[in-house]
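> Sequence:
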Amino acid sequence: MAREQLEVLSALDTAKTQWYHFTAIVIAGMGFFTDAYDLFCISLVTKLLGRIYYYREGADAPGSLPPNVAAAVNGVAFCGTLSGQLFFGWLGDRMGRKRVYGMTLMCMVLCSIASGLSFGSTPGSVMATLCFFRFWLGFGIGGDYPLSATIMSEYANKKTRGAFIAAVFAMQGFGILTGGVVTLIVSAAFRAAFHAPAYEKGAVASTPPQADFVWRFILMFGAVPALLTYYWRMKMPETARYTALVAKNAKQAAADMSKVLQVEIAAEDETKDNDGAGEDRNSFGLFSGEFLRRHGLHLLGTATCWFLLDIAFYSQNLFQKDIFTAINWIPKAKTMSALEEVHRIARAQTLIALCGTVPGYWFTVALIDRIGRFWIQLGGFFFMAVFMLGLAFPYHHWTTPGNHIGFVVLYALTFFFANFGPNSTTFIVPAEIFPARLRSTCHGISAAAGKLGAIVGSFGFLYLAQNQDPSKVDHGYKAGIGVKNSLFILAACNFLGMAFTFCAPESNGISLEELSGENDDEAPAPATHARTVPV
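Each step along the sequence shown adds one to the number in my numbering, with nothing skipped, and position 183 is 183.
Honestly, the hints are just simulated from the structure, not real lab data. One thing to keep in mind: the hints can contain errors.
[To be verified] Listed below are the simulated DSS-like cross-link pairs for lysine-lysine, each with C-alpha atoms no more than 27 Å apart in a straight line: (1) K159 / K259; (2) K201 / K334; (3) K251 / K159; (4) K251 / K235; (5) K159 / K235; (6) K16 / K235; (7) K332 / K98; (8) K235 / K248; (9) K334 / K472; (10) K201 / K235; (11) K16 / K159; (12) K201 / K98; (13) K251 / K98; (14) K472 / K484; (15) K159 / K98; (16) K478 / K334; (17) K201 / K332; (18) K98 / K235; (19) K248 / K98.
[As the list claims (entries may be wrong)] Simulated restraints, written as ranges between beta carbons of each label pair: (20) K478 / S121: 27 to 35 Å; (21) Y477 / G406: 22 to 30 Å; (22) T129 / G285: 36 to 44 Å; (23) F393 / S258: 57 to 65 Å; (24) D212 / T14: 17 to 25 Å; (25) F132 / G285: 32 to 40 Å; (26) Q210 / G124: 16 to 24 Å; (27) A255 / T14: 12 to 20 Å; (28) W19 / L367: 17 to 25 Å; (29) D212 / F488: 38 to 46 Å.
Computed from a predicted structure; not experimentally measured. A virtual CB, placed ideally from N, CA and C, is assigned to each residue, including glycine.
With the hints as constraints, model all of the structure from the sequences given.
Written out as structure tokens, the structure reads:
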């Protein structure tokens with residue numbers, strides 16, 4: 001590696017924590033705030049969509065989305081996110097982080113607004129329009145995963161890099177929390193303005209016509225934080241690591257870094273002088289044998305851990321209905337009006353986010369550079385498995401009246417150790433251990449594997465976890481293996497996650513170039529930093 005490049009990268013690794021680091025966290029974090037809001041707010045309004053567009057005259061219960069429609073409305077954004085993670089991850093390594101960063105944000109803004117303006121003359125056409133725009137919303141969201149993580153890892157110093165990337169990801173918790181709060185405010189305002197009886201007292205009157213505006217306002221609000229962030233994203237310079245290592249312009253990298261990090265580095269323009277044999281040894285592609293030898297096991301570990309984690313993480317909605325019913329947070333639908341049901345769902349989700357989701361993220365921020373990524377991820381998978389088994393073995397006991405407190409505690413602890421564990425580390429590690437020219441691509445591949453796991457967890461288990469007794473399954477579904485058996489499978493996924501955690505290196509306190517081998521022209525990254533499964 002050329003001397004000028006080494007000076008720039010060494011300055012980044014040793015730079016003191018400065019105001020701009022926190023500015024970058026907020027700029028990148030607000031994208032993740034928006035991502036979480038947009039992805040999770042749809043679950044707050046699906047019951048309302050069913051009441052509005054699938055009302056069944058004379059039915060004992062309010063209308064609900066048919067299983068295939070519910071799966072499409074909730075899952076199409078995941079499909080878009082998976083596609084966006086692969087595409088924008090690749091594009092971020094080709095065009096640069098900054099240029100692509102603005103594209104993803106504008107995609108999110110436009111599609112958030114368009115989702116709330118979904119139109120159609122029939123229920124099916126409204127849902128089809130909504131699904132179309134939510135796919136492209138997810139496509140933009142997908143790009144934010146690899147780009148936010150890569151930008152933050154490349155700006156940070158090696159001492160606090162884990163905490164900075166974790167802080168960006170932790171904004172996801174605030175996005176989920178804000179989704180609940182916004183829904184509470186909007187539904188409360190409409191309930192006060194438009195009084196409606198419970199469904200059992202007036203089926204048609206229980207869903208006032210104005211309720212159609214509620215879900216639209218909630219979805220469109222996702223554009224607000226993204227718009228507020230756009231200007232500052234465009235003002236961010238390209239990361240110095242991309243400019244020095246990929247664009248091969250150490251002089252520009254030094255100039256950009258000096259503007260924002262209050263350091264001065266004298267670097268000569270080396271654009272045409274660094275194409276020696278040493279560089280050739282570090283210019284292998286993603287599908288090369290050299291990449292497979294150096295990083296193949298690492299990519300297998302990051303992608304598989306993320307896949308297994310998201311199966312378990314996104315499947316936890318399987319037993320939310322049991323919790324909410326047991327503690328009377330959400331009574332039977334026919335005893336509520338449409339707006340009251342939205343309000344109660346939002347309240348329950350907000351309390352869960354406040355007590356179980358948000359704290360776990362910030363425990364990771366506080367401890368990741370002390371404990372390390374490896375132990376946090378390994379411990380998180382382990383405790384998720386333990387608490388899921390704790391829910392599964394005495395499942396009948398937890399779901400009988402009077403035992404709901406233990407159920408809620410175990411459920412909250414499962415969420416806590418997901419976020420103070422692999423849900424955070426699977427986002428952080430892929431942004432640290434791959435070469436700069438492939439970093440965004442490899443993070444996108446890992447994240448896409450995770451989103452595939454989310455689709456399996458959210459929808460595969462939604463069908464699989466149906467009651468074994470055909471008379472007790474949810475309307476429109478077939479008999480499955482039951483929640484108890486599903487929990488055993490999910491616990492097994494967590495144990496597998498523990499095994500694959502050994503495939504990735506511990507990156508705590510090590511420079512990005514040392515991890516990827518970019519500062520060693522003769523050999524790949526030292527094996528002493530990697531924990532691998534014995535062969």
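> Confirm or reject each hint.
Cross-check of the supplied hints:
The hinted pair formed by K159 and K259 meets the criterion: a straight-line CA distance of about 21 Å does not exceed 27 Å. Using a Cα cut-off of 27 Å, the hinted pair K201 and K334 holds, with the two alpha carbons roughly 9 Å apart. Taking the CA atoms of K251 and K159, the gap is near 25 Å; set against the 27 Å cutoff, the hint holds. Taking the CA atoms of K251 and K235, the gap is near 19 Å; set against the 27 Å cutoff, the hint holds.
Distance check on the hinted pair: K159 and K235 sit about 26 Å apart at the alpha-carbon level, within 27 Å; holds. The hinted pair formed by K16 and K235 meets the criterion: a straight-line CA distance of about 22 Å does not exceed 27 Å. A C-alpha spacing of about 49 Å is found between K332 and K98, which places the hinted pair above 27 Å, so the restraint is violated. The suggested pairing of K235 with K248 holds, with an alpha-carbon distance near 22 Å, which does not exceed 27 Å.
Taking the CA atoms of K334 and K472, the gap is about 18 Å. The hint holds against a cut of 27 Å. Using a Cα cut-off of 27 Å, the hinted pair K201 and K235 is violated, with the two alpha carbons roughly 56 Å apart. A distance of roughly 9 Å separates the Cα atoms of K16 and K159; the hinted pair therefore holds under the 27 Å criterion. This hinted pair does not check out: K201 and K98 have alpha carbons roughly 56 Å apart, beyond 27 Å.
The suggested pairing of K251 with K98 holds, with an alpha-carbon distance near 18 Å, which does not exceed 27 Å. Of the supplied pair hints, the one linking K472 and K484 holds, its CA atoms being roughly 15 Å apart against a limit of 27 Å. With a C-alpha separation of about 24 Å, the suggested pair K159 and K98 falls inside the 27 Å cut-off, and the hint holds. Between K478 and K334 the CA atoms are separated by roughly 23 Å; this keeps the pair inside 27 Å, and the hint holds.
Taking the CA atoms of K201 and K332, the gap is about 14 Å. The hint holds against a cut of 27 Å. For the hint pairing K98 with K235, the CA-to-CA distance comes to about 9 Å; that is within 27 Å, so the pair holds. Simply put, K248 and K98 have alpha-carbon atoms about 16 Å apart, close enough for the 27 Å limit, and the pair holds. Look at K478 against S121: about 32 Å separates their beta carbons, and that is inside 27 to 35 Å.
Between Y477 and G406 the beta carbons are some 28 Å apart, a value that agrees with the proposed interval 22 to 30 Å. Between T129 and G285 the beta carbon distance is about 40 Å. The supplied range of 36 to 44 Å therefore holds. Look at F393 against S258: about 60 Å separates their beta carbons, and that is inside 57 to 65 Å. Distance hint for D212 and T14: a CB-CB separation of about 57 Å, inconsistent with the stated range 17 to 25 Å.
Look at F132 against G285: about 35 Å separates their beta carbons, and that is inside 32 to 40 Å. Range check, Q210 to G124: about 23 Å between beta-carbon atoms, so the 16 to 24 Å window is met. Range check, A255 to T14: Cβ separation about 19 Å, and the 12 to 20 Å hint holds. Separated by about 24 Å at the C-beta atoms, W19 and L367 satisfy the suggested range of 17 to 25 Å.
Checked against the hint of 38 to 46 Å, the pair D212 and F488 passes, with Cβ atoms roughly 42 Å apart.
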